[in-house]
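Since the structure of chain A is provided, determine the placement of chain B on it from the hints.
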Amino acid sequence: MRFALVGQPNCGKSTLFNQVAGYKAATGNFSGTTVTFTETKVRVLGDVVELVDLPGTYSLLGTNPAERVVLDYLVSNEVDAIINVVDATHLAQGLALTLELLELKRPVVLAVNMMDEATRQGMQIDGEKLARITHIPVLPVIATKGQGVRNVFASAFNLAREKKPAVRQTYSPELETHIKKLTEKIVSVHLPVGSEALALKLLEGDPQLIHQVSDAIPGIENEIQSSVDELCHITGRQAVWLVSKERHDLALKLSDQVLKKTKQGLSFRDRLDDYLLHPVFGYVFLIIIMFLFFWGVNAVGGIIEEPLMIFADQLNVKLLAALGEKGLLAQILSGALQGFTGGLAIVLPYLVPFQVGLGFLEDVGYLPRIAFLMDSLMHRMGLHGKAVVPFILGYGCNVSSIMSTRILEDKRDRFLASLLSSMVPCSARMAVIFGLAAFYLGPAYGVGIYFLNIVVIALTGRIITRFLPEDSPGLILEMPVYRMPSLRTVTAKAWLRIREFIVEAWPLLILGSIVLAVMNYYQLSQFTDVLFRPITWLLGLPSQVGTPLIFGILRKELSLVMLGQALGSMNFSQVLTQAQMLTYTIFVVFYVPCLATLIAIRKELGTKKMFAIIGITLLVAILASLLVRLVMAPILG
Amino acid sequence: MNFLQVKNGTWVRIIGFHGGWGMQRNFMQMGFLPGNTARIIRMAPFHGPLLIEVDGREIVIGRNVARHILVEEI
Numbered sequence: 001m002r003f004a005l006v007g008q009p010n011c012g013k014s015t016l017f018n019q020v021a022g023y024k025a026a027t028g029n030f031s032g033t034t035v036t037f038t039e040t041k042v043r044v045l046g047d048v049v050e051l052v053d054l055p056g057t058y059s060l061l062g063t064n065p066a067e068r069v070v071l072d073y074l075v076s077n078e079v080d081a082i083i084n085v086v087d088a089t090h091l092a093q094g095l096a097l098t099l100e101l102l103e104l105k106r107p108v109v110l111a112v113n114m115m116d117e118a119t120r121q122g123m124q125i126d127g128e129k130l131a132r133i134t135h136i137p138v139l140p141v142i143a144t145k146g147q148g149v150r151n152v153f154a155s156a157f158n159l160a161r162e163k164k165p166a167v168r169q170t171y172s173p174e175l176e177t178h179i180k181k182l183t184e185k186i187v188s189v190h191l192p193v194g195s196e197a198l199a200l201k202l203l204e205g206d207p208q209l210i211h212q213v214s215d216a217i218p219g220i221e222n223e224i225q226s227s228v229d230e231l232c233h234i235t236g237r238q239a240v241w242l243v244s245k246e247r248h249d250l251a252l253k254l255s256d257q258v259l260k261k262t263k264q265g266l267s268f269r270d271r272l273d274d275y276l277l278h279p280v281f282g283y284v285f286l287i288i289i290m291f292l293f294f295w296g297v298n299a300v301g302g303i304i305e306e307p308l309m310i311f312a313d314q315l316n317v318k319l320l321a322a323l324g325e326k327g328l329l330a331q332i333l334s335g336a337l338q339g340f341t342g343g344l345a346i347v348l349p350y351l352v353p354f355q356v357g358l359g360f361l362e363d364v365g366y367l368p369r370i371a372f373l374m375d376s377l378m379h380r381m382g383l384h385g386k387a388v389v390p391f392i393l394g395y396g397c398n399v400s401s402i403m404s405t406r407i408l409e410d411k412r413d414r415f416l417a418s419l420l421s422s423m424v425p426c427s428a429r430m431a432v433i434f435g436l437a438a439f440y441l442g443p444a445y446g447v448g449i450y451f452l453n454i455v456v457i458a459l460t461g462r463i464i465t466r467f468l469p470e471d472s473p474g475l476i477l478e479m480p481v482y483r484m485p486s487l488r489t490v491t492a493k494a495w496l497r498i499r500e501f502i503v504e505a506w507p508l509l510i511l512g513s514i515v516l517a518v519m520n521y522y523q524l525s526q527f528t529d530v531l532f533r534p535i536t537w538l539l540g541l542p543s544q545v546g547t548p549l550i551f552g553i554l555r556k557e558l559s560l561v562m563l564g565q566a567l568g569s570m571n572f573s574q575v576l577t578q579a580q581m582l583t584y585t586i587f588v589v590f591y592v593p594c595l596a597t598l599i600a601i602r603k604e605l606g607t608k609k610m611f612a613i614i615g616i617t618l619l620v621a622i623l624a625s626l627l628v629r630l631v632m633a634p635i636l637g
Numbered sequence: 001m002n003f004l005q006v007k008n009g010t011w012v013r014i015i016g017f018h019g020g021w022g023m024q025r026n027f028m029q030m031g032f033l034p035g036n037t038a039r040i041i042r043m044a045p046f047h048g049p050l051l052i053e054v055d056g057r058e059i060v061i062g063r064n065v066a067r068h069i070l071v072e073e074i
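Here the protein sequences line up with chains A and B, keeping their order.
This note's numbering numbers the first residue of the first sequence as 1 and each following residue consecutively.
This note's numbering numbers the first residue of the second sequence as 1 and each following residue consecutively.
Keep in mind the hints are simulated off the structure, nothing from the lab.
Do not take every clue at face value.
[What the hints assert, rightly or not] From the structure, some residues in chain A lie toward chain B, with a derived Cβ separation under 10 Å:
(1) Ala92
(2) Gly282
(3) Thr465
[As the list claims (entries may be wrong)] Output of the computed footprint for chain B on chain A, the stretches with three or more beta carbons under 8 Å from beta carbons of chain B:
(4) 51-62
(5) 362-372
(6) 471-483
(7) 567-579
The beta-carbon is built from N, C-alpha and C at its ideal position, and this holds for glycine as well.
Just chain A, same shape as in the assembly (with noise of 0.2 Å):
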């Protein structure tokens, strides 16, 4: 059995998930999308139940592929019963999405969520009315502190059992007397969404199902905007509006009949919105909050990196002494256990703060406002205010970055958003900022290369929208409310994220350690060397950095690490002058994403975008550190 949780944005669904979804929790693809959902398996009434979250949709029209993918999966026969989730505190929005879901024929169970708040702001919600109403099991939640989640899937579970249908509400007259027309025109067609359902959704004008429906029957357009016409005739409102507007009156009708407000609730958020969307001090403590969240990263990863690096030299001397040094198997036992150690140790202790500090960030509610505040800024790189998320993420890990550039619709933006995003110097990059550049060349440096990063990176974005024009409308977005965010929900949300590095980007540090073992026991880096030698003689730099550069693909930190290796010396002054120390650092801060982040590429964009973004990198780290060459070599010396 099958139950889906289905919801509008910021209604508390994932929340809930959360709170009955255990480590086993998995996050998959509808087959052919990039939609994303998570499911797991629970416990109810002695029987095991598969539970999927689904993207939070404000409406089953196919306005974007996530809405798309959630009508479909709630009309195939994989779905036993559909949990819908709705916010007390906003009853009559979620309603909304409630009666469309009435339509499809379906077990329906309604959970409203966010009771504990309702009361808070004076609301009360007579349950059993809106049950009456509805004729669906009416049920409340707080889901934060998991009240009342159990009874919501025995409820569900005893609905798909019978298979009880759910039966929608009764619309205007003239919008009825289209419904049965329409419906009685379509009958024949084999859809798995119900006549009726689908009657309304092509009188609602969605393009695919109008296409396919007039692929089964040659001529219904006519019908369909004889309708339309008919409808607008009668009540002066195209039929896209006049529908969602019945489900939006009916909504509100339902959400007086069944709430009370006692008193007028405190706006505690607009008081706090004053401040952190305030033109100058929003701007401060966007800040503080962000200086605060990488430091606050640094701190946590610096105190738990130290002792285990030491743990893991000290681990991997034993080992090459038990073997014999200068065995080929040594060589890549020991290139293994620095794969598995480098993803211990330099991973994992910034990646694990990194992803809990951001789930509190987003629960809190303040992504938004992020987005909110720097939407102009973004517009000037050719993209808008949700795209500042991608970038924010990829001062932890390019990978996450990717991946969350799925939040914009526009797949010209999710293609400059990744490109732009990759160039953010991740973690690993920062090590070699700090360790090259701001080590020998003094901090001031390291500041100014995270100054220069981000200017190349918003003339980049400028130079790609000449070619490529922005042509998404821009940003439109719910600004929630604030909410204490809970520890569960967090932490789950967190492993969810931290598991995808352990299961598809671990093995491959693993792996390019262990090529790199042996390329260095058969000593292949000459050969390596030479093909980097345009670029390095371009940039004035020893030819030996040509290997380093290579791995450095694999793994960001080796362009650190190998480079010791290559030239001889840990000590780099010795081996380096300042301007190569520097045009290095700037070079290695921009060229190709690590192969982490192209394999998540090709898995968002496709392989050809991947080729673009590897061209297009490795042009701008090139002009960019050729730049930095001809202007601070004279002063460097």
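Just chain B, lined up with the frame of chain A:
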């Protein structure tokens, strides 16, 4: 007039939209239905987006988007 011509804090009524089917659906989902009232709560600086209260929710819309919403004074 469109939403860009509305003064901060003034309540207006939504009467219609420019733009294609997808964009109109997006507006509708966010509560921008003809007949609903709305007001600008605040604007981001540097020609940034508008924060609009409509249908009991707060929605951020970019200036290019706001231009597509037609409103009348109440």
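Task: Restraint outcome when A:Ala92 is required to lie within 10 Å of chain B by C-beta distance - done: 7 Å, holds
Task: Interface hint for A:Gly282, Cβ within 10 Å of any Cβ on chain B - done: Cβ of A:Gly282 sits 8 Å from chain B, so the hint holds.
Open item on the list: Is the coverage entry for the region 51-62 of chain A by chain B consistent with the three-residue Cβ rule at 8 Å?
Closed with: holds (count 3)
Task: Status of the A:Thr465 interface restraint (C-beta, 10 Å, chain B) - done: 14 Å, violated
Open item on the list: At least three residues with a C-beta closer than 8 Å to a C-beta of chain B: is that true for the region 567-579 of chain A?
Closed with: With 0 residues close enough to chain B, the hint is violated.
Task: chain B covers the region 362-372 of chain A, three or more CB atoms within 8 Å, holds or violated - done: holds (count 3)
Task: Coverage of the region 471-483 of chain A by chain B (three or more Cβ within 8 Å) - done: It holds: at least three residues are needed, and the region 471-483 of chain A offers 7 whose Cβ sits within less than 8 Å of chain B.
Going down the numbered hints, you'll see the structure goes against 3 and 7, while the others check out.
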